[in-house]
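Enquirer: Residue strings, one per chain:
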Amino acid sequence: MGSIVWSGLVDGAVFALLALGFNIIFSTTRILNFAQGEFLALGALLSYSLTVDHHLPVPAVLACVVLAMVAMGLVVERLVVLPIRLSGSSYAWIIATIAVAVTAENAMVVPFGRDPVRPPGLVAGNAFTLSGAPESWQTVLIIVAALVIVGLYEAFLAFTIYGRAFRATAHSLDITELMGIDTGLVIKASFVVSAIITGIAGVLVAPVTFADTSMGLRYTISGFVAVIVGGMGSSLGALVGGFLLGLVTAVAAVKISPGWANVIAYAALGLVLLLRPNGIVSRAAVH
Amino acid sequence: MTDGLAVQDLWVSYGSAQVFQGVDLAVPEGLVVLLMGANGAGKTTILRTIMGLKRPASGTVSLRGRDITGWPAHRVVRAGVALVPEGRQVFPEHSVEENLRLGGYSHRRDRAGTRRRMREVFELFPVLEARRRQHAATLSGGEAQMLALGRALMSRPALLLLDEPSLGLSPLLVQQVFEYIREMNRRQRLTVLLVEQAAAAAIGIADHAYVLDAGRIALGGRASEVARDPKVQEVYFGASEKTAEVRS
Amino acid sequence: MAEMRRRLDELRRPSGPQQRAQRALYAAAGVGLVGLLVLPLLQDQLQVNDFLFFFITASMITILVTTALNLCMGYTGLLSIVHTGLFGVGAYATGILATQAHVNTWLSMLLGVVAATSAGVVIAAVSLRARALYFGMITLTFDLIIAGVATNGGRLTGADTGLFGVPQPQLAGNDLGTRGFYYLTLALTVLTLLAVRNLMRSRTGRSFMAIRESADTAAALGIPAYSTQILAFAVSATIAGAAGAVYVTLNGFVTPQSADLSGALILFIGVLLGGTATVIGPVLGIGVIATIQHYMEVTAPNYQQLIFGAVLLAAMMLVPAGIVGTWKRSRLGSLEEPEPPSSPIGNLVEALPAERGPALRLTGIVKRFGGVLALDRVDLEVVTGSIHGLIGPNGSGKSTLVSVATAFLRPDEGSVELFGEPGPRRPHLTARRGMVRVFQSPHIFERLTVLENAMVGLHLESRQRLPASVLRMPSFERDERRLRGLALSRLEEVGLRQIAMRPASVLSHGQKRLLEVARSLGARPRLVILDEPATGLAAHEVLALAALLRRLKRLGLTLLVIEHNVPFVMSVADRVTVLNEGRVLIEGEPALVQASSEVREAYFGTLEAAGE
Chain A
1 MGSIVWSGLV
11 DGAVFALLAL
21 GFNIIFSTTR
31 ILNFAQGEFL
41 ALGALLSYSL
51 TVDHHLPVPA
61 VLACVVLAMV
71 AMGLVVERLV
81 VLPIRLSGSS
91 YAWIIATIAV
101 AVTAENAMVV
111 PFGRDPVRPP
121 GLVAGNAFTL
131 SGAPESWQTV
141 LIIVAALVIV
151 GLYEAFLAFT
161 IYGRAFRATA
171 HSLDITELMG
181 IDTGLVIKAS
191 FVVSAIITGI
201 AGVLVAPVTF
211 ADTSMGLRYT
221 ISGFVAVIVG
231 GMGSSLGALV
241 GGFLLGLVTA
251 VAAVKISPGW
261 ANVIAYAALG
271 LVLLLRPNGI
281 VSRAAVH
Chain B
1 MTDGLAVQDL
11 WVSYGSAQVF
21 QGVDLAVPEG
31 LVVLLMGANG
41 AGKTTILRTI
51 MGLKRPASGT
61 VSLRGRDITG
71 WPAHRVVRAG
81 VALVPEGRQV
91 FPEHSVEENL
101 RLGGYSHRRD
111 RAGTRRRMRE
121 VFELFPVLEA
131 RRRQHAATLS
141 GGEAQMLALG
151 RALMSRPALL
161 LLDEPSLGLS
171 PLLVQQVFEY
181 IREMNRRQRL
191 TVLLVEQAAA
201 AAIGIADHAY
211 VLDAGRIALG
221 GRASEVARDP
231 KVQEVYFGAS
241 EKTAEVRS
Chain C
1 MAEMRRRLDE
11 LRRPSGPQQR
21 AQRALYAAAG
31 VGLVGLLVLP
41 LLQDQLQVND
51 FLFFFITASM
61 ITILVTTALN
71 LCMGYTGLLS
81 IVHTGLFGVG
91 AYATGILATQ
101 AHVNTWLSML
111 LGVVAATSAG
121 VVIAAVSLRA
131 RALYFGMITL
141 TFDLIIAGVA
151 TNGGRLTGAD
161 TGLFGVPQPQ
171 LAGNDLGTRG
181 FYYLTLALTV
191 LTLLAVRNLM
201 RSRTGRSFMA
211 IRESADTAAA
221 LGIPAYSTQI
231 LAFAVSATIA
241 GAAGAVYVTL
251 NGFVTPQSAD
261 LSGALILFIG
271 VLLGGTATVI
281 GPVLGIGVIA
291 TIQHYMEVTA
301 PNYQQLIFGA
311 VLLAAMMLVP
321 AGIVGTWKRS
331 RLGSLEEPEP
341 PSSPIGNLVE
351 ALPAERGPAL
361 RLTGIVKRFG
371 GVLALDRVDL
381 EVVTGSIHGL
391 IGPNGSGKST
401 LVSVATAFLR
411 PDEGSVELFG
421 EPGPRRPHLT
431 ARRGMVRVFQ
441 SPHIFERLTV
451 LENAMVGLHL
461 ESRQRLPASV
471 LRMPSFERDE
481 RRLRGLALSR
491 LEEVGLRQIA
501 MRPASVLSHG
511 QKRLLEVARS
521 LGARPRLVIL
531 DEPATGLAAH
541 EVLALAALLR
551 RLKRLGLTLL
561 VIEHNVPFVM
571 SVADRVTVLN
581 EGRVLIEGEP
591 ALVQASSEVR
601 EAYFGTLEAA
611 GE
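Chains as they are written, first to last, in the working numbering: chain A, 1 to 287; chain B, 1 to 248; chain C, 1 to 612.
A couple of the hints might just be wrong.
As the list claims (entries may be wrong) - With a straight-line cut-off of 20 Å between C-alpha atoms, the simulated DMTMM-like cross-links for lysine to aspartate or glutamate are: (1) K328/C - E339/C; (2) K328/C - E446/C; (3) K54/B - E154/A; (4) K54/B - D53/A; (5) K188/A - D174/A; (6) K553/C - E589/C.
Stated by the list, open to error - Calculated from the model, a selection of chain B residues having no Cβ within reach of chain C, i.e. all distances over 10 Å: (7) G22; (8) G65; (9) R75; (10) R119; (11) E123; (12) V177; (13) A214.
Unchecked claim - Derived list of chain A stretches under chain C, where covered just means 3 residues or more per stretch with a C-beta under 8 Å from a C-beta of chain C: (14) 45-52; (15) 89-101.
It should be emphasised that the hints constitute simulated quantities derived from the structure, not laboratory data.
Even glycine gets a Cβ: it sits at the ideal position worked out from N, Cα and C.
With the hints as constraints, model all of the structure from the sequences given.
Expert: Below, the structure is given as structure tokens:
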């Protein structure tokens, strides 16, 4: 049982980071980014390529991934925000983000191919054993990293002037502009920060699972379930939703069957949404 | 003229509704100018257009000789204009102090200057200092108004736009607020364009006044003269022979 | 402004190029249809192999699902990410019945459609309970569940590999075959498009579109949002399910991929590229996609999805209105439709019986918001057959009072009486009780024509049923003509009859206000509450509005006018109530109110004194 819980927490940590990524973009733009998982996929695949094909050391790999995420974040922002503004349709956001997701996934096939890959961990070795199975340091790193990143982000929001600007933009674009803050820049920054966080999640999770170009959509859905369950607009909600989803899916996969685990998770999501439309840790009122 | 604010031949519409057609007004440097008019006449829209939150269909807005028409709002702020929006609109989940810091965003690098500005704001509004760590959502209407004013001052504006500051405030508070505005105008040579429906209280502190009626400037001039003009009564009130004719 | 007027003038006189263009389009469509019908017969002459028919059939299946999605999203405004799932339900249900239960294939297909419709009803009923943003998300969840069940269904669904060996339906003892399916699908597609067209030009279709524009306004006109949205979703699911049933019997198999999200992109492209809320849009959109697909299969099969993604993004930026929408906006395409036939109406607005007693009586209304006393023991009495004005400075409580009267708010104390009976408890019941509220910002349905807007107002008057609408039975035609006649007479009342066929979006602000009044009259109100009707109107429009209000009063209606524009109110009202800070300051005839010094002070203050 212990190792099931542990693997659920590890999955959950990744889901939580995805949920955080969703939250960041949602808070400034009110868009749910269907392409969110593609940041993770690129991070995972790029880290494999740089580590195994180009033999770069870990710090260099991280630096490259961050740079790639900055670029990707800016590109995705344009590809999502422009069509929405020009289209004038109220569904523009979902169609645009789905289109970006599909395009990104298929664009990644070109450099990376379709075969699943698995890089070595960022940290080697096993930390401890649970129920007879060894758990690697990588898994510990994932959980710790998720907590640290969420904590850092919350600190950024609470203690820096730029974090305040983020929160202000989330409240009202107009009033924030009146403060002399360029909200267009804030929105671009939110895409970049979200991309970096999600990309790092990809780097973290790649050694633990198989990375391939189709993983983006899978993680988008999981992260999305996590953010809805936990509550939109709340970092704590992202953590709660992520870990909860990870645990439920892990337990269901073993006790019932791996295939049904996801279906159960989705059904549970639907149920949560009906009973608590704002999520479990509800904070932001969603209009 | 090349000082202060000049609005020329402004046409603005919201969708199919023509909000105003060819508005001209001038706010000379260092003066308090009042813009009056019945609701729905477009007073808020003028301020939003000057501020860059709305693009005019045609016409120009210039500040100290510089054409700022169509500039995005954050650029207008950096040019030295601040707007205290209708209904205060403070950031409810930020504290009083954070609201003020956000107001001073455009000068955030000048830490000493920001500290000094905040001290000045607290001197002007002592009650804000007492509540500096409280969330803005917990403030009363009058306190929120003061916070909105203080927040606008933090950006060191040369021109202050105020949209119905008296809204929802008791008469006593309204008096206080207008006294503050007069004080800021005198102390800091702050040019003020004030939009008010409660014209009575406001006219006492104004140097010039304009009357907006159905999208056009109906009257403009020295405040004391405008106040006495019978047309003002008519615009607000329909009390004239003309309306008596229409009724029958 | 002048440009718009000139273009509108052009519309009034059908011009040569526009008519020719439209005729050319119809001709092209006719030729295309005949071509499709005759194609199999010319197979040998044109040297095409069977694969072409298969390809066209598959494209038509996609057109069907896209039409279903368009009905749901484009016309009714419901974002759905489950349409591939509904398609899958139709396919799987048909397949399972035919292979596992050995039911006759035709019957299996029928039952498959029923299964899809049922799934649609359940999904809609559940998803609509969540807030608007989450509706789409819950449909996504359902799609994942459907795909998940298909993947994990073991022997029943064929699990990952899918369901195989589905027999073709039989015709005269033989398999239907490629040509048979071709004609079957062609017939199904044409009939579906016709049915959708008929549906959208009926009371039901108008109610769908009204909900898309504004569910609240639709409710105020008597359209129940929940059940109407479920109906739209159910019809949409039926079409998608039929497509699935044909798909599985045509191919002989179905896999979970057919039900999951991977096909959703094409559907969205089809709807958007073709033009949302148009009948022919899905055909054009899928036509373009199918052509791209055909070429890409030959040249670069691996890049298909990539190209599609890029096409979709480009389409959103370059042709946001879709092919049909862009055409309609162009010079050639903006031909106004001629006025459809209507029954003449005798007297315009039925004379209302003389009422005794006040139309509306509010007594002792108290309303608090948190610690703020918004209304402090307010009394208001509106005499039947009169125009009553309600004025007061900002924040005086006018809107709150009206919201209490129309049941949007419950008073903490006090009572509401409407024509002698206790007031309605819920907002959507007000229309049935004869009280209608015309809001400050016009809530007209921008994408419908002026006439359609007026006809939505007659929703409660009509008794059309869905089957009759789709089949265009005589009962439908009669009712529709009667509604048109009523609607046109309402438009005549407010002076908008000549522009009945224009889209409501081109009206000026004042005209939109008049249209809203016309639409509200449709529900046969006895009391009309107008919320700041003069706001944003030009001077001549204010005069027209005042004249209209006086006309309505002569016809026996009671009017309550809330306004800031005091001169306007004084010119039309019989009596005026002045509110200030939640209390009634004075009530009486306009002259009396105007002369009152208290009112002057509240509004206007001691301006003269201050001026000195």
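Enquirer: Each hint needs a verdict: does it hold in this structure or not?
Expert: Right, here's what the structure says about each hint:
For a cut-off of 20 Å, the pair hint linking K328/C to E339/C stands: about 18 Å separates their Cα positions. Of the pairs offered as hints, the one joining K328/C and E446/C holds, with about 15 Å between alpha carbons and a cut-off of 20 Å not exceeded. Taking the CA atoms of K54/B and E154/A, the gap is near 33 Å; set against the 20 Å cutoff, the hint is violated. Restraint check: the Cα-Cα separation between K54/B and D53/A comes to about 53 Å, which exceeds 20 Å; the hinted pair is violated.
For the hint pairing K188/A with D174/A, the CA-to-CA distance comes to about 17 Å; that is within 20 Å, so the pair holds. Taken as a hint, the K553/C and E589/C pair is honoured in the structure, with Cα atoms around 17 Å apart against an allowance of 20 Å. The non-interface label for G22/B is consistent with chain C: the shortest C-beta to C-beta separation is roughly 13 Å, beyond 10 Å. Non-interface call for G65/B relative to chain C: holds, since the shortest CB-CB distance, roughly 31 Å, exceeds 10 Å.
Distance check on R75/B: its Cβ is at least 26 Å (rounded) from any Cβ of chain C, clearing the 10 Å threshold; non-interface status holds. For R119/B, the requirement that its beta carbon stay farther than 10 Å from each beta carbon of chain C is met, with the minimum near 32 Å. Annotated as non-interface, E123/B keeps its C-beta farther than 10 Å from every C-beta of chain C; the closest such distance is 28 Å. Against the 10 Å criterion, V177/B stays outside the reach of chain C, whose nearest CB is about 15 Å from its own CB.
Against the 10 Å criterion, A214/B falls within the reach of chain C, whose nearest CB is about 6 Å from its own CB. Coverage of the segment 45-52 of chain A by chain C is violated. Counting CB-CB distances below 8 Å, 0 residues qualify, and the rule asks for three or more. Coverage of the segment 89-101 of chain A by chain C holds [criterion: at least 3 residues with CB-CB distance below 8 Å; count 11].
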